[in-house]
Each structure stands twice: as structure tokens, then as C-alpha cells.
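Residue numbers (the numbering used here), protein chains in the order written: chain P, 1 to 456; chain Y, 457 to 727; chain A, 728 to 998; chain D, 999 to 1426; chain S, 1427 to 1748.
Keep in mind the hints are simulated off the structure, nothing from the lab.
Mixed in with the good hints, there may be bad ones.
[To be verified] Quick list of simulated restraints, FRET-style, between CB atoms:
#: 1; chain 1: P; residue 1: Glu303; chain 2: D; residue 2: Ala1046; range: 26 to 34 angstroms
#: 2; chain 1: S; residue 1: Asp1529; chain 2: P; residue 2: Leu396; range: 54 to 62 angstroms
#: 3; chain 1: D; residue 1: Ala1046; chain 2: P; residue 2: Arg194; range: 49 to 57 angstroms
#: 4; chain 1: Y; residue 1: His488; chain 2: A; residue 2: Ala931; range: 22 to 30 angstroms
#: 5; chain 1: P; residue 1: Phe165; chain 2: A; residue 2: Ala942; range: 40 to 48 angstroms
#: 6; chain 1: D; residue 1: Arg1241; chain 2: P; residue 2: Phe262; range: 38 to 46 angstroms
#: 7; chain 1: D; residue 1: Thr1304; chain 2: Y; residue 2: Glu664; range: 39 to 47 angstroms
#: 8; chain 1: S; residue 1: Pro1598; chain 2: P; residue 2: Leu83; range: 27 to 35 angstroms
[Unchecked claim] Simulated crosslink set (SDA-like; lysine to any residue; CA at most 20 angstroms straight-line):
#: 9; chain 1: S; residue 1: Lys1702; chain 2: P; residue 2: Phe192
#: 10; chain 1: S; residue 1: Lys1496; chain 2: S; residue 2: Glu1669
#: 11; chain 1: Y; residue 1: Lys552; chain 2: D; residue 2: Arg1023
[Stated by the list, open to error] Negatives, chain P to chain A, calculated, CB over 12 angstroms:
#: 12; residue: Ala24
#: 13; residue: Arg25
#: 14; residue: Arg38
#: 15; residue: Pro39
#: 16; residue: Tyr41
#: 17; residue: Asn66
#: 18; residue: Leu112
#: 19; residue: Met123
#: 20; residue: Arg153
#: 21; residue: His156
#: 22; residue: Phe233
#: 23; residue: Phe262
#: 24; residue: Gly297
#: 25; residue: Arg337
#: 26; residue: Pro360
For each residue, glycine too, the CB sits at the ideal point set by N, CA and C.
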Amino acid sequence: MAAYLFGFLALAAIVVSLLGISRARRVRTSQAEKVHSRPIYHGLNAAIWTGVPAFVFLILWLTGQNAIVDMIVMGSYPGADALSGAQRSLVLSEIRQVANGNNFREPSPQILAAVAHLQSLEMLARWAMVALVAALVTVGAFFGLKVIESRYRARHSVERSITIFMLFSSLVAILTTLGIVGSLVYEAAQFFARVPLTEFLFGLRWEPQIALRADQVAGQGAFGAIPVFFGTFVISALAMLVAVPTGILSAIYLTEYSGARFRAVVKPLLEILAGIPTVVYGFFAVLTVAPAVRSLGLTIGVEAAPNSALAAGAVMGVMLIPFISSLSDDAFAAVPRAMRDGSYALGSTKGETIRKVLLPAALPGIVGGVLLALSRAIGETMIVVMAAGLIAKMTLNPFDAVTTVTVQIVTLLIGDSEFDNPKTLAAFALGLMLFIITLGLNLIALRTVRKYREKY
Amino acid sequence: MNVLTEVAVEKKLNPMTKESNIKMRGKDVTVHYGEKQALFAVNLDIPERQVTALIGPSGCGKSTFLRCLNRMNDTIDSARVGGNITLDGEDIYDPKIDVVELRARVGMVFQKPNPFPKSIYENVAYGPRIHGLTRNKAELDEVVESSLKKAALWSEVKDRLQESGTGLSGGQQQRLCIARAIAVSPEVILMDEPCSALDPIATAKVEELIDELRANYTIIIVTHSMQQAARVSQRTAMFHLGYLVEEGATDKMFTNPDDKRTQDYITGRFG
Amino acid sequence: MNVLTEVAVEKKLNPMTKESNIKMRGKDVTVHYGEKQALFAVNLDIPERQVTALIGPSGCGKSTFLRCLNRMNDTIDSARVGGNITLDGEDIYDPKIDVVELRARVGMVFQKPNPFPKSIYENVAYGPRIHGLTRNKAELDEVVESSLKKAALWSEVKDRLQESGTGLSGGQQQRLCIARAIAVSPEVILMDEPCSALDPIATAKVEELIDELRANYTIIIVTHSMQQAARVSQRTAMFHLGYLVEEGATDKMFTNPDDKRTQDYITGRFG
Amino acid sequence: MTAVTFPAVVINWGSDEMAARRKRRYAADRRLQIYGMIAIAFALGFLAILIGTLTFTGYRAFTQSVVTFELDLSKAEIDRSDVMGADWRGIVRGALREKVPELPRSSERAYFAMFTSSAQFLVRDQVIRNPALLDGVARFSVPLSDPLDQLAKGQVDRDTPESQRRVTDRQIEFYEQLSAAGAISKPFNWGLFFNSDSRFPELAGLAGAISGSFWALLVCFLISFPIGIAAAIYLEEFAPKNRFTDLIEININNLAAVPSVVFGLLGLAVFLGWFGLPRSVPLVGGMVLALMTLPTIIIVTRASLTSVPSSIREAALGIGASKTEAIFHHILPLSMPTIMTGTIIGLAQALGETAPLLLIGMNAFITSPPAGVLEASTALPTQIYIWADSPERGFVARTSAAILVLLGFLILMNAIAIFLRQRFERRW
Amino acid sequence: RDQIKIVGSSTVFPYSQAVAEEFANKTGKPAPVVESLGTGGGFKAFCGGVGPDHADITGASRAIKESEVKLCADNGVTDITEALIGYDGLSIAVSRANTTDWDLTEEQIFKALAAELPDGKGGFVANPNKKWSDIDASLPATAIVAFGPPPTSGTRDAFVELVMHDGCKDLPGMADLKKADEDKWTEVCSRMRQDGPFVEAGENDNLIVQRLESDPNSVGIFGYSFLYENSDKLKGIKVNDVEPNFDTIADGSYPVARPLFFYVKNAHRDVIPGMKEFLEEYVSEAALGPDGYLAERGLTPLADDKRAEVQKAVLEGKKFGS
Ligand SMILES: Nc1ncnc2c1ncn2[C@@H]1O[C@H](COP(=O)(O)OP(=O)(O)OP(=O)(O)O)[C@@H](O)[C@H]1O
Ligand SMILES: Nc1ncnc2c1ncn2[C@@H]1O[C@H](COP(=O)(O)OP(=O)(O)OP(=O)(O)O)[C@@H](O)[C@H]1O
Ligand SMILES: [Mg+2]
Ligand SMILES: [Mg+2]
Ligand SMILES: O=P([O-])([O-])[O-]
């Protein structure tokens, strides 16, 4: 039904816009005076009037209809007031099943009555919906067509509608942030009601093995976030250690040394690295890189943990290569040719030009890319969930196991969880901290980029 | 066209300056950009310690010729250079030639000022540093100071050497680029429309500078302005559609050119 | 045009062209870019169906003034325009004015040719199409053809109307932009250095075109070339450092200018 | 100024000292070039190893051993009005029993365990789809069960003690017998693409996951593409430039760094909690992924809008186009290639994203492909996640194969976009 | 909603999957949606209320707890049926490449993996054991590396309860401690070491299997079905001299086994289509029987009488707790 209505709306909008166009054409031929907007704008304007209000109405109606129908049905169901919420929903569910023809047992007469009521109500609602949509379409079409006359600024009107849509779109990003911050702050506040902020911020022990249920056996639980953030730092640093030199050197080679054809082939290949699912990287880190790191550790005489930070960091670094190489590549390409020429004309070699002139000039772009990659490293989840450890340890040894914020968030949230337990709530506190930290990083990134941008 | 070639050949046989004074010489220089030919068999001698002006309508190949002289065309993938260019009698397109050395000897100032996004000091010090021209900081300081002085910029920037070179005004940037070029003590300086971005006052300063530099350096300047060519150069070469139309002493070119096109161009019949 | 002997100040108060012949008039026009003032109280009348040339050294505000005349400065965030500009006596900065309509009446050809990366046909047809100037395809074809003919481009492109406009040579692109501008039948055409990118032959063609267009349109042209100003314009206005130095009939400006700076500029003492 | 005299400094460029110096400089230049090559070789080598390992473990899943047998259904006394209710188990077992004459009763269990336990359903469904099969002799193929499939693919070491392998010596004998009779073949495993998930590796396929991913990505694309572009246009072209827009810019960049699992939380709270949408459906998955993809598209679109030369904008405005017309007629089409690149990167990330889908239940076990966006389904990455956690051996190869399929999906998507991008690309 | 919705334990997940598939194949009805949320998560979803928005069945790798019964009751889920479907062994395994014949006692396991050990003087010291030979000279002199489930999983709970507590209680002084300070006893006996030898390896058991292969000296803790499927690569470690296999798990002689359950929301039986047939399938001989397809997938089946009891309870909808 609804699908037909949406189809009808689209059709109506098209028809009305065609009517509008022809009407506008007639107005134009019949009047000597200059017409403000082209017929197409009159048509579009009429179509917007016809379709948009009815569309919005239909969406609202569809979201609200069931709840209202249910309310009315239950309102007349005998003894409904005495039922608990659970029973109500059970009865409702049975009514709906019966209405759909699914009988399991002989329905009681009350149910049958309610089913009849429901069906009549739904019929009514359906016709009401159709009637109202039709009315809205008619009124909209009438108005949209009526305003067509030579001086009517249909273009302005259409452009205003587009602007409103664009404004709405940019609000989505803002609403997303508000949603994230809102939910994080709400839950994190509950966490901090149980665990002191100072312990979270300055505590050196992270052991959220607290009992989930009253009758579960577990340790005490400690919520010092520093080791977790320290682990994030170590793994991100290792990832950057792999990604930054590889990315920048690749970009240098691609922009300055390689031929155009080599570049055209290699650049998309490198970009595949960014598109490989992170689960796959996770498997690769655990099954291929981690054992290699262990044997590497053995040959150099270092005891390597099976979940070494190095394995997770290195693989994550590979994932980040294209971020840095592509953005650095763009940054190098954006350095005006004049800079290169200036340097070559003084008698410098390619290498000198790259190191002494291009690199400083492209630095803002490169820094931007590096910071984006760093943000990704900090926020990356699946690789570390699979490849990094769960035990929070303050160590700088890359062969040792560390845990990261995202690992903790995922482990605390997925699996057995109870939403009023500090252990689960800790995930939100970690998420909030992480949000604040990356916000700071991006602030620095924007400042840095602004500071150096367009200086040459 | 026949007449033109004859004139050109004659001129080459009887150069106005003595043979010993020829710093650079282009023989049958041709340049292709991909399919398109941008220069056609250009023969031009550049006398030492004089200012040679290259004039001609837009797109006639002046910049292209200039860039041939220090092989900056190497950096353009599609460019192919033919013919023969010598510096002090040595073929600069010889594979054995060291481009880095060549470019150190033949400096260039570009049409648009292009200081590096570094401090003023670093801009000037860059060349001496990569070529290892100085032994220590004091010597380097001296080179920077004297170069900026020669470029008539010292007084304006001596208190702000550590500020970025890109923060200077257009005219100052242009002079900074000149200072940067002469800091390497090149033998030849190529200047591509050095005043196109400049206001009248800055233009006057740069012209004055060129006049002074002439004492020690060989200078080649490209300009769109007849007036400027007349003011600063001793010799002038007129290009048109990739051909060298005429060249000679500036006085003569501006008063009594041999070629009709030169005449027309100078008197504003076209261009 | 007959009475040329009056002094400049007087001329502004008593324009030698009849009031009815003034197409556009700028009164005390000032422009600021952020802090920097680029135009200082410029008063200039543009007579109908004549070519007015704006000359002056680089950066003196010619383009800025031109862009005031069809409010293209609106697109620059930092630009603020003061004073009063009228088109047929109507204030074009009046909030009630529809900018889109204004720009349709005052067309512009930019300093650098900027064809859309679409076919040649689409480039020219775009304006008539968005303004709904034609009723059907045949009419549109006709407008495109006649515009290209006026811009002296038709013979060169009539067989390749569907090819991209950006694939044309610089001069052809420039003429395409001119065709595009006149396809909307504007009343005034602003041309910012339309020949800067052109070779001599193309320049001659554009100048010829301007001469023809003058019969129907009011034309304002910015040029760096004195020769060009002298050849194509009836009136000339000389700008310097944001001030209108002098304006008057072209003949007089080039033979007997009132202002010392005009004299110097025209004879190549600076610029 | 004229008072300054310039002593000519003469430098001997040809001296040995200078030449040696230049040699050192050239060496440094070459070193940098080599480092660059090493970096690229490292990155590409990693990619090659990754794909190589996947192919090595996954290629086996692209074939499936099947047993082929003949069945004369006209003799089977099937009630044509109730084909579904026939004794398919008996019919199929009877046919299979014929393959090994004199099958001892004691070995029956071992023998029938060699074939997929759903054999009778496969045959039944095939007959229901094509009732003509009821009229005579027809050939049917059913997959071998997973342990036998492993055996057929040489994955079982026959020398290991019987207790340490999933196939018994008896089954190996039967297998040899069947295979000698030519009843066993290893055709291409179309089931990998056309079956839905199953508990049994030999039947498990990706149809559900592929269509789930398809629907989710479609939703993601339909939401994030227009909204992302509209938001970018608004922010870049219409919004005033001030502190507040700066804040929005930082904020959007920051959204790109928010861990994906947090988006899952948001989806859980908002779409499932507030809006009451059903769990595990591609619609919700797509909306969550769209929230993740939006920042990427916005950032890239803004960058590409700014990179359109202002001369184009001026040209349009100069003719009398309105701002909106200039944007939609000229600027947007010109930035389209870059926008599409960004969309591709964003969608590629969305395609491979697991964590948020886990939170909204798109990792459920569902045995039929979704017919639309409101039916429960999995997605490719979550399917990989589920298979990777399944004990059966057959899933090891299938996991790798699924990853390869996902990469194929990715490359297909990229290829389409690159094709479209080339159509949009215009020479300047 | 026209299909059944099943949530709950990841351990029961594969069995529910198999039944769901068989059910769909047999009846041609839409297949149930099975989601693995963990035992606790499953109860949370299951006990959330009645009605089509809530799950019909939840799997559990332990019996429902008091607190969960209460949660259910609070939300109106008062009528549920419990079904014990079989047992799951928690295997401790090593790669076959490891040549040692492993046989550990629970006490040795505790000494290897606990965070703290009693120092014999009434206090506790951080676990000093780095190599197996540090615990008992007869054990190999290789480093202790054990991959195990994270604290968020039911498998971990079971391991702690079944192995660690048993291994802990017989240590000197622990019995006294239990009397004196039960909380302290629980903490000491439950905490796994955090200094490296015990590696919390996430929820993915296959990952552990593959890690054992690449590192023959490490041991792994995971569900028996994974050992069963990978018996050519892995071997089970005997615990208290008992090897894990179907027989030892079923007869209870293998100490690390736990019961598996599912719980049915009876209120939904009449509301959700196919519930009845599905439950019939789940408790049928073909599924739960000794030769049933669930046993084929690694479930240790119930004894015959027990099974009949369960079948009866499920089909009749016997109310839990009554
Ligand atoms: N990189 C290039 N690729 C292709 N063609 C080029 C390139 N550079 C210049 N050209 C062409 O070569 C010809 C000569 O160009 P050149 O830059 O030498 O002109 P010019 O005399 O310096 O002009 P202007 O006075 O405008 O600077 C022109 O037709 C130009 O279009
Ligand atoms: N967008 C801008 N922002 C800031 N300053 C500007 C901007 N555009 C022009 N200016 C400044 O305004 C002054 C006048 O510029 P305008 O472009 O009008 O010069 P012009 O006379 O057209 O010069 P040219 O002959 O070089 O085109 C110059 O000093 C210039 O630097
Ligand atoms: Mg040039
Ligand atoms: Mg200008
Ligand atoms: O999913 P669990 O069985 O580990 O709770």
C-alpha cells in the first residue's frame, strides 16, 4: 500500500511538473512582459509543492499508524486496563497474528472481536491515509500551478527548497555528533558515578574483571585508563612508524621518480590496501605476522608475546599506507611547479629538491594526511580486537602485548554485558575520552594546515 | 622566409661583437612540445657582460628559448630540444655534461617570483649550501648579505632575515629570487619577464639592478614591454611564431629595424 | 566626441556626450578587499554604443572596476563595494535588483579564456538556454550560429560544434567566450584584456569584432597594450594605484594627455 | 646603491673537489630513489602476500565434491499433489544405496554420513522446481559431507590413525569405490554464490551475505551520497565562513576518526531503540554505515569543490546563471570524478566494516537471502566473522573464499566507479 | 514477525543453527533467525519482555540464575521452559606437533594460570611460574603460553568455576581461607594472571586453533567441538588423567564439562508461527539422540532417560520452577 502511495506521489509530482511547464509556456507566449523564471522552474516548483508535503506526511503517518491503531484496539479490548504491559503486547501480538491468518489455537471471542476491530480500523486508517495524501497532493498541485504567472519567481522558490535540503543535510553530520556525544556522555556519567573520575584518569591499573552479575565470580576490577591509552599510543606509534616512512617514500617515488604509467597502475593498487576489510587484516596479523614476529624475537633473543603490539601495529600501519601516500602524493602534486623549477635552476639534484624544497612546502598536506591516518589508527577496531591483547600493560616493548581503547570498548560491549555495570559503562567512558582526544588532534591538524596553507 | 634566413645567416657570419666575447651560442635550436614545434632553427649569440633582450608576441617561443639555455626544458616531459647550444664553447646538451653544474653556472629568475617557503636567509643560503661554496657559517652569512645587497633588498630585509620569504611583497620576492640566483655566482643570468608582476616603482628598481649586474654577469631578459627592452638592453632579439625574426643592437632595432614584423611589433601594429 | 578641448574635471561634470547616451555611470566607486582599498572614489561615465578602454599599470584596479559593473565582485568574500553605479539610471547595487538579470544584461569576457568543459555548441547555447531566450531547437541553433559568426569563429568551428570547447586554441577559446557572452544579447559587454592570450592574427580579428559590435553594444575593454587601446577605443580612462587619473576621448589621451602620469605611462616611462 | 661595487667571484666548477662533491650528491639522490622503490615494493609485496595467502587457503572452496546418482522417480509412487510430503529420505537413500551393492547394515550409518545430511531436501527442492523430473529417470548431484569433501580435496592424511581424523577407514573404502565408479566429481562450487548460509560447510554459501551487503550498501549509498554532497555544497558554497563553520569542519573530520563500533552503539540506541526498527536488517545496517561514510564523502566533496577553478564559476555567473545553477550545471559535474573516488573509498570501508554490524545484530544465522531492506540478513564481513568462528574444517577454506569474494565485490564496485568516473572526466 | 527468533550462548549457537536449518528444510517454513549474544546477553534479550519484539528462545551454557529469573519475572516473562540438551566439554589442547604426552591436574593448571598463589605462610605472591617445569619437574621445560577465552564469555566463567576453583581449593591454606573470608577466596581462586602467560584471545575459537598450530608449545582452552573437528592437528590434554571425548564428557568423568540448555518463552508458543514444530524438531531423536545430527556437530548427548524427560518437558511446556 505504502509503496503504491510513494509511487503515486512520484507520478503525481511528474505529471504536475509537466502541467506546470506547459502552463508556464502558455503564460510566456500570452504575455508581452518578460517572464522571470523559465518554465522548468515553474514545473519543479509545482512538483515540490505536490510531492514534498505529502511525502513528509506519509512518512510520519506510517511511523505513527501502528502505535495509534494498537492503542485504539486495546482501548476497547475488555479488561485491557488490568493487563500488564507484557500481557498487552502478547495479546496484541496474538490479535495481529490472527488477523494475518496464523491460528495456533482456537482464538477466544474477545480476540476475534478485537481482530475484527483491528481490521476495520486498519481499513479505515488505510483509506484515511490515501484520502489525506490525495488531498495534500491536490492542494499542493493546485497551489503550485496557481502561482504560475509571469513575475512569479519560481527559480528563487526552487532554489530555496534546494538550500533547505542542503541545510538539512549538513545538520545530519551535526546531529550524528550530538547523538554520539549525547549517548557517550550519558552513559559515561553513570560510569563516573560509580568509579571516581580521578581513578579513571590517573589510575595505573586496568582490570575490568569485575563481576557482571551478583553471582558471578571474578576479581575486584580496577579502572585506571592510563595503561589502556598507553597501549593505544604504543600500537598507534608502531603503526605510524610503518605507515609514515613507507607512505611518504612511496609518494616521493610516485610523484617525482616514477613514470606516469607506473604511477597510474601502482596508485590504485596501493589504494586497495585501504579498502581491504579490517577483519582480514586482523586474521593476517594473528596468523601470519604474529608468528613471524615471535620467531624474529627468538632470533634476536627477545621473548615475544603471541599478541605482540608489533604485529598489530605493523599490520595496521600497512592499512594506513594509502592514506599517507595518497594524501602526500596530492600534497607533492600541489606544490607549484615554480618551486621545483626554482630549485633545479639553482643546480640542485632531484633528491635535494625533494628533501629541502618539496618536503617543507608539502608539509601541511603531509601533516594533514598523517594526522588523518593517526586518527584512523587510534579509532581502528577490528585489527586490534583480533591481534592485540586484552591485558592492559604499561610497556614500550613492541614485542610485548598491550591492549587498546577500541579493543576494550568492543570486548566490554560485545559478549556478556549488562548495562548498569561499571564494566560495561567503562566502554562509554573510554569512548568519550577517545572522542575528546581525537577532537584535540583534529583541532591541532586544522590549525597546522591553516597556518601553513597557501603560504607559497 | 628566404630573405629572413639570409639575413640571419649573414648576421651570424659577421657578428657585431668579437668572437671572444660570445658567452653562449645557440645553433639551429629547435624545440618540440610533443607534436607541436615551438622553436624553429634559432641561431643566436649571447655576448658576455651585456644585457640581451628577447621580445616578441605572446607564445612566440621566448620562454622556450630561455629555458633551453640552462636545460630547464629537461623537466618538461614532452619537450625535445634539437640543435646545438654552447656555453663557453662547450656543448651543454652533451650527455657527459653535468646538468647540476650547468645550472649552477647559468642561473635563472622566473617570470613569476617563486621564493621557497622558507626564511629569507634560507632562500639565499640554499644554493651556496648545496654546492658547498662556503666553509662555515660566517662565510655563508657573508654570501647571503652580499647577495641581498646586490639585489638591492638588504636594507629592506636585514632585520627580518628569519621571516618567511613568501611574506614579502611581489617586487621584494622578485628581488629575493634575483639574490638567490646570484648567491651561487653564476656566469649567466636568465630573467623571464622579471617585471611582469611588478608595479612601476618596483620595475624601476629591478631595471636599475640589471644595469649594475651587467658589469659582472651575462644577462638575458625576456620582456613584453618594448619600453623596458629599450631601456635596459644592449642587444635585442625579436621572436615571432617560433622563429627568430631579427636580432641586433637595441638602438638599431628600435630605430631602424630590418624586418617589417619587428617594425610593426615595436610600433604597436600588432601584439 | 566633437568637443575635446575641455579639461578633465569639467568633463566629468559636463560630459560631452548627451545625458541620454550614458549607458552606465559610476559615482564615487570605492572597493576594499578586506583591509586593502583597491579603488578610490572613481567617477566614470560609459557612453552607449562606444568602446571605452581602461588602461593603467598592473594592479591599478582596472579589473576591479570592471567587475563592479556586473557585480562579479559579489563572488569575492572579502570585497566590499562603495559608491553608486547605475545602468540606464537604475542603481545596480539596489537590494531589489536581481543579480542574475543584471549579469544577463551586462555580459563579461574574462582576462583568461574560460570556456566550459562542454561542447562548443553547449558553451554558446548555455546562456540562451538558462534565460529561456529561445523557444525551440531551431531558434537555439540560429542563435548559436549567429553568435559564433559575430565572434568570427563560425568558419573555424562549424564542422566541429560537438567537440569540446577546451580543445580549441587559446585565441579560439577567447573568441568562443566572446560568442558565449554575446549569445545572451547583453546590452553592455565587459572585456578584461581579451587579447592577452592571443597571437597577432587573433588579436587583429578580435579587434575587428569589437569594432563591429560597437554598432549595437556598449563595450568596455581593459588592455595593457597602448597600441590596442589606441586602435579600438573611442574613449580611454587611465587608472593608477586605484585612482582614475584621467579620462577622455582616445585621440586626445594619446596625443595630448592632461596628466603627467598618463603621458609617462603612454610613452613607456613606466609600466 | 650604485656605490656598491660587485667583485666577480669565480668558482671553479670543474675542480676535482667540486666533482667529488657532486658525485656524493648524486649518490644521495639515488639512495632516496631506492628507498622509495623499497617502500612501494613493501606495500605491494604485502598486498601480494595477503592475496596469495587467501587464494592459497581459499581456492579449494571454489570447487565442491559431489556424488551423482540416477533416480527413477516414476517408480517412487509420489503423490503429485503433495510432492513435499513424499518420503524423500527413503527415496534418496535407496538411490544412494544402489551405488554400493551389498551395503552391510552395520556400515549404513557411516555410508550415509558421507553425503550431506540435506541430500533429500536438495533432491526434493529440485523436483518441486521442475516437476517434469517426476516422469522418469533423472540424474541428481548432491554434495559430499564436509569431511569427505576434505578427503576428496586431499586434505585428509590417510596415514593418520583413524581416531584422529573425521573420516573412517570404511568411508575411505566407500569413497574409493564410488570414485572408481565415476560417481564423484568436483565441479565449480556455484553454491558458494547461490546458497545462503548453512550450518553445513558443503551447503553454506554467500547469497544471503552478498545480497545483505548489497542492500545495506545501497541504503548507505542512497543516504550518504546525496546528503553528503548536499552538506558539502552547503558548507562550502553557502554557509558563512566563521568560527561555527570551522567547528563543523573539525567536527566532521573528527567523525572520520570515531571508532566504528561507536557508530554501532549510536545505531543501536537511535534506530533500534527510538525508532523501533527491527534488528539485523540491512536498512539499519545501511543507515549506520551511512553515518560512517558521510564524513568521508563530505570531506572529499568539499575538497573537490574547492579545486574547481573559480574561472568556471565566474564564467557561469558572468552569463547570468544563478549560484545554484552555476553549481549544479558546472561545478558539481566537474567535481564528480573526485567525489566518486571519495564515495568509493567510503563505500569500500563500509563494505568491509564489521564492528557496528555486530552491535545491530547483522551477524545472525539466517538461511535465506533477504528480499528487501527490511528482512533480517547478514553482510559479507559479518558472514566472514561467523564462518571464521565455526569449528567445521570446511569453513576454513570458505572463510578465505568469502574474503576473496568480498575483495571481488570491492574491485567490481571500484571498477564500476572508475568506469563512471572516466565518463565524467573531461579534458580541460 | 513470521519467523522464530533465537538468541543466547555462542556455545549453543551452532546447535540451534543446525536445528533451525533442519526445521526450515523439513517444513518449508521461514528459517528462524539465530543470533549469538553470549549466555548473559541472551538472557538479557530473552527476559526483556513478551511480544514480537523479544526473542522466543535463548541458549545458555549454564543454568539460568536467580537474578535472571527475577529479571524475566519483572518484565512479565513468567512462564518459561528449561531444556537441557547435552554437555559441552571444555577442552585444553595442544598441537600434535608437540611431542609431550600432556597430563595435567587441575592444581597444576591453577598454578600455571592463576594471578596469585598462596605463599604457604597465609599470604599470597604473584604467580612466579614462567615454565611448566617450574610447577612440576616432570612437565616440559617450555614457557607457559595459554590462549583462553576473555572474561566476557561464558566459557571463561565455566573454566574458572570448573578448573580454577577445583585446582585452588586443595592448595594449602585455601580451605581455611574459604571459611574465614569467602570473598577473598573467590577472588584469589578466580583471577587469571595478567602478566603474559595467559593470553585472552578473544571470542574466536578458530583463531586459537590456528595459533596452536603455529606455536606448538602453547596450549589453548576452547569448546570440545573445535578439538573434535581438528583432531588431526590438535590433541586434548588429559585433565586428572581423563582424556576429553564424547564418552568421558557424557559420563561426567572428564571434569571440565558443563551442561547446555535452551529456554523457551511459553507465552510465545501461540503467537509465533512454527514454534511448536521447531521445538519438536529440537528435542527429536534425530537431533538430540546419540546418533543425531547435533552429536555429529560435537554435542555430547544426554542419557536416554534424561532425554525422554526433556522431550516431555519441552513438548508440554513445563513451567520452569514448578
Ligand atoms: N609545456 C608545454 N607543452 C606544450 N606546449 C607548450 C608548453 N610550453 C609552451 N608551449 C607552447 O610553445 C609555444 C611557445 O611558448 P613560450 O612559453 O616559449 O612562449 P613565450 O614567447 O614565452 O610567450 P609569453 O610571452 O606568453 O610568455 C607556445 O605556442 C606554447 O603554447
Ligand atoms: N581578490 C582579491 N583580494 C585582495 N586583493 C585583491 C584581489 N583582487 C585584486 N586585489 C588587489 O587589488 C588591486 C587591484 O587589482 P586589479 O585586479 O583590479 O588590478 P588590474 O588593474 O586589473 O591589474 P592587471 O592589469 O594586473 O590585471 C591590486 O593591488 C590587487 O592586488
Ligand atoms: Mg613566456
Ligand atoms: Mg586585471
Ligand atoms: O556464549 P557463551 O556460551 O560463552 O556464554
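Structure-based check of each hint:
1. Glu303(P) <-> Ala1046(D): 26 to 34 angstroms: holds (31 angstroms)
2. Asp1529(S) <-> Leu396(P): 54 to 62 angstroms: violated (39 angstroms)
3. Ala1046(D) <-> Arg194(P): 49 to 57 angstroms: At roughly 50 angstroms between Cβ atoms, Arg194(P) and Ala1046(D) fall inside 49 to 57 angstroms, so the hint holds.
4. His488(Y) <-> Ala931(A): 22 to 30 angstroms: holds (27 angstroms)
5. Phe165(P) <-> Ala942(A): 40 to 48 angstroms: With a Cβ separation near 47 angstroms, Phe165(P) and Ala942(A) satisfy 40 to 48 angstroms, so the hint holds.
6. Arg1241(D) <-> Phe262(P): 38 to 46 angstroms: 45 angstroms Cβ-Cβ, so the 38 to 46 angstroms window holds.
7. Thr1304(D) <-> Glu664(Y): 39 to 47 angstroms: holds (41 angstroms)
8. Pro1598(S) <-> Leu83(P): 27 to 35 angstroms: violated (60 angstroms)
9. Lys1702(S) <-> Phe192(P): Given that 20 angstroms is the threshold and the Cα spacing comes to 47 angstroms, the pair is violated.
10. Lys1496(S) <-> Glu1669(S): Roughly 39 angstroms between the alpha carbons, so the hint for Lys1496(S) and Glu1669(S) is violated.
11. Lys552(Y) <-> Arg1023(D): Holds, because 17 angstroms separates the two Cα atoms, which is no more than 20 angstroms.
12. Ala24: Its Cβ does come within 12 angstroms of chain A, the nearest being 9 angstroms, so this is violated.
13. Arg25: Label violated. Min Cβ-Cβ 9 angstroms, cutoff 12 angstroms.
14. Arg38: violated (4 angstroms)
15. Pro39: The assertion about Pro39(P) is violated, with a minimum of 7 angstroms to chain A.
16. Tyr41: Contrary to the label, Tyr41(P) does not stay out of reach of chain A, its closest Cβ about 9 angstroms off (not over 12 angstroms).
17. Asn66: Nearest chain A Cβ is 47 angstroms from Asn66(P), so the label holds.
18. Leu112: Leu112(P) is indeed farther than 12 angstroms from all Cβ atoms of chain A, at 64 angstroms.
19. Met123: holds (49 angstroms)
20. Arg153: violated (8 angstroms)
21. His156: violated (9 angstroms)
22. Phe233: holds (41 angstroms)
23. Phe262: holds (27 angstroms)
24. Gly297: holds (57 angstroms)
25. Arg337: holds (17 angstroms)
26. Pro360: holds (28 angstroms)
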